[in-house]
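K.L.:
Residue numbers (the working numbering), protein chains in the order written: chain A, 1 to 195; chain B, 1 to 195; chain C, 1 to 195.
Listed next, the in silico DSSO-like pairs over lysine-lysine satisfying Cα-Cα at most 27 Å (straight line):
{"id": "1", "chain 1": "A", "residue 1": "K29", "chain 2": "C", "residue 2": "K29"}
{"id": "2", "chain 1": "B", "residue 1": "K29", "chain 2": "A", "residue 2": "K29"}
{"id": "3", "chain 1": "B", "residue 1": "K29", "chain 2": "C", "residue 2": "K29"}
Just so you know, the hints here were simulated from the structure itself, not pulled from any lab data.
Everything numeric in this text was worked out from a predicted model, so none of it was measured.
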Amino acid sequence: MHIDTLLHWLDLLGTVVFAVTGLLAASRKQLDLFGAIVIAMVTAIGGGTLRDLILDVPVFWLHAPVYVYLVVIAAVLMFIYVRFFTAPVRLLLVLDALGLAAFTVIGVQKTYALGYDDAIVIMTGIMTGVVGGMIRDILVGEVPLILRREIYATASFAGASVWLLMRPLFEDATLATLLAMATVLLLRLGGIYGN
Amino acid sequence: MHIDTLLHWLDLLGTVVFAVTGLLAASRKQLDLFGAIVIAMVTAIGGGTLRDLILDVPVFWLHAPVYVYLVVIAAVLMFIYVRFFTAPVRLLLVLDALGLAAFTVIGVQKTYALGYDDAIVIMTGIMTGVVGGMIRDILVGEVPLILRREIYATASFAGASVWLLMRPLFEDATLATLLAMATVLLLRLGGIYGN
Amino acid sequence: MHIDTLLHWLDLLGTVVFAVTGLLAASRKQLDLFGAIVIAMVTAIGGGTLRDLILDVPVFWLHAPVYVYLVVIAAVLMFIYVRFFTAPVRLLLVLDALGLAAFTVIGVQKTYALGYDDAIVIMTGIMTGVVGGMIRDILVGEVPLILRREIYATASFAGASVWLLMRPLFEDATLATLLAMATVLLLRLGGIYGN
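Chain A with its partners taken away, still in its complex shape (with noise of 0.2 Å):
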């Protein structure tokens, strides 16, 4: 696969994963439907959304409806799907995993290629993976992932630094990407399941 058709795929299985990792967090708090998305919608853009903001360019969604079309959707399946199953419990923790992991690799690919110096590459990348999950659990009033005791930033930053190792070795950055996302993963399931 092209590495530009792997990355919009990711950035969509990104955008997804956090808006039900959204409505999941939302839908403990009893939502109803517009204010469950609301918490999808921040938890999925938020991130990427920052990052556009202080690269200053155009803000990804803006002329990509798409994204929003999307996790609308994924919200309203999933706010169906709570309704009449339990969710698994650890569903949430997995899937945010997921997009964290998609996330800090297309921060990281956005921002170096646009010239930047590795520590803002790297710092771009954590921001496009976290922030979004942040505001999601300071909205519905949870700890952030990110102040619990396992590994978070740790595993997006270890990422990151994978992908701008490996990125210069190689013409495509298909396998930079997918080593910097199975570093990610690897770190952050290893620390839940390790706890």
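Fit chains B and C to the supplied structure of chain A, relying on the hints for placement.
P.N.:
Then chains B and C, alone, in the frame of chain A:
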């Protein structure tokens, strides 16, 4: 009244009522005057500021300090008022509903005029309406209104949709504006008093 | 010392002390290193980032990664320190006061140089001074310093006003800068120790 004049007054109205809700929320925490003004300011201009940052247009109050002065004056007057009189318990909720109605329409109208997709217009309308109050509630440590069970984001969504549906039907936006505001107010106040 | 040099050092000072306050707040929650660095980073660069986004100028750290490295180094050193030594109880408050003073003046000076109205200058000064600490306190689940009863926003407002009043009186901004900082520090520390 010309629609631009109407929108301008609605904007000032929303600014004042949200400033007052910020001051009321702050007064429960017995903040000093300047702490209370900070909360009032964030509540009154938070939503529109985020909207303008995302739309990449100049932030509305940067070149119109009247908004800043208006918030300060409203906050100071209310600060004095609550020293001597008890604010009616539901005043914060009713003013918040009025601000939600005014700012939803302002946000919708501004993004629509820039030619964005309907989904983006509705999103930025809701954002303009709900973000200031969300930050206010998080700062003072209250459960955000949007997270309580009564209708909140739903009212903003409905108002934004009514505006978008009505707007093309008439040459002038006045009717769409008034109907959209009435929709938000009826749903929101119905949600409060129905519970 | 030339005023630009003074401001540059104040900026670095504010960055380091706010980073340390972020680390201290995070260490109470026993965060891992990278989680703690995220809190330190947000505290140190949050206010200036929001200011630059609103002023629509390049975000200060994007092309000056020294800020990022400085925060990381300060956070790592402090992370090690608190493992072995107990941080004095009031250290966070005193460093926060120093950061508030430095960043208020930096914010005021930057917006003033861009020719904005006095009300906007004061507002962005206060914003630069208080926003990083606000996000820190919300993230770690503490009551924001600005919401406690001691003088906080008032000190920042007074410092910003002193700067604006003194600035036109002298050719050089050094005196205005030092007097404004002293004002913030005296009021804030007086507020802390007076209670």
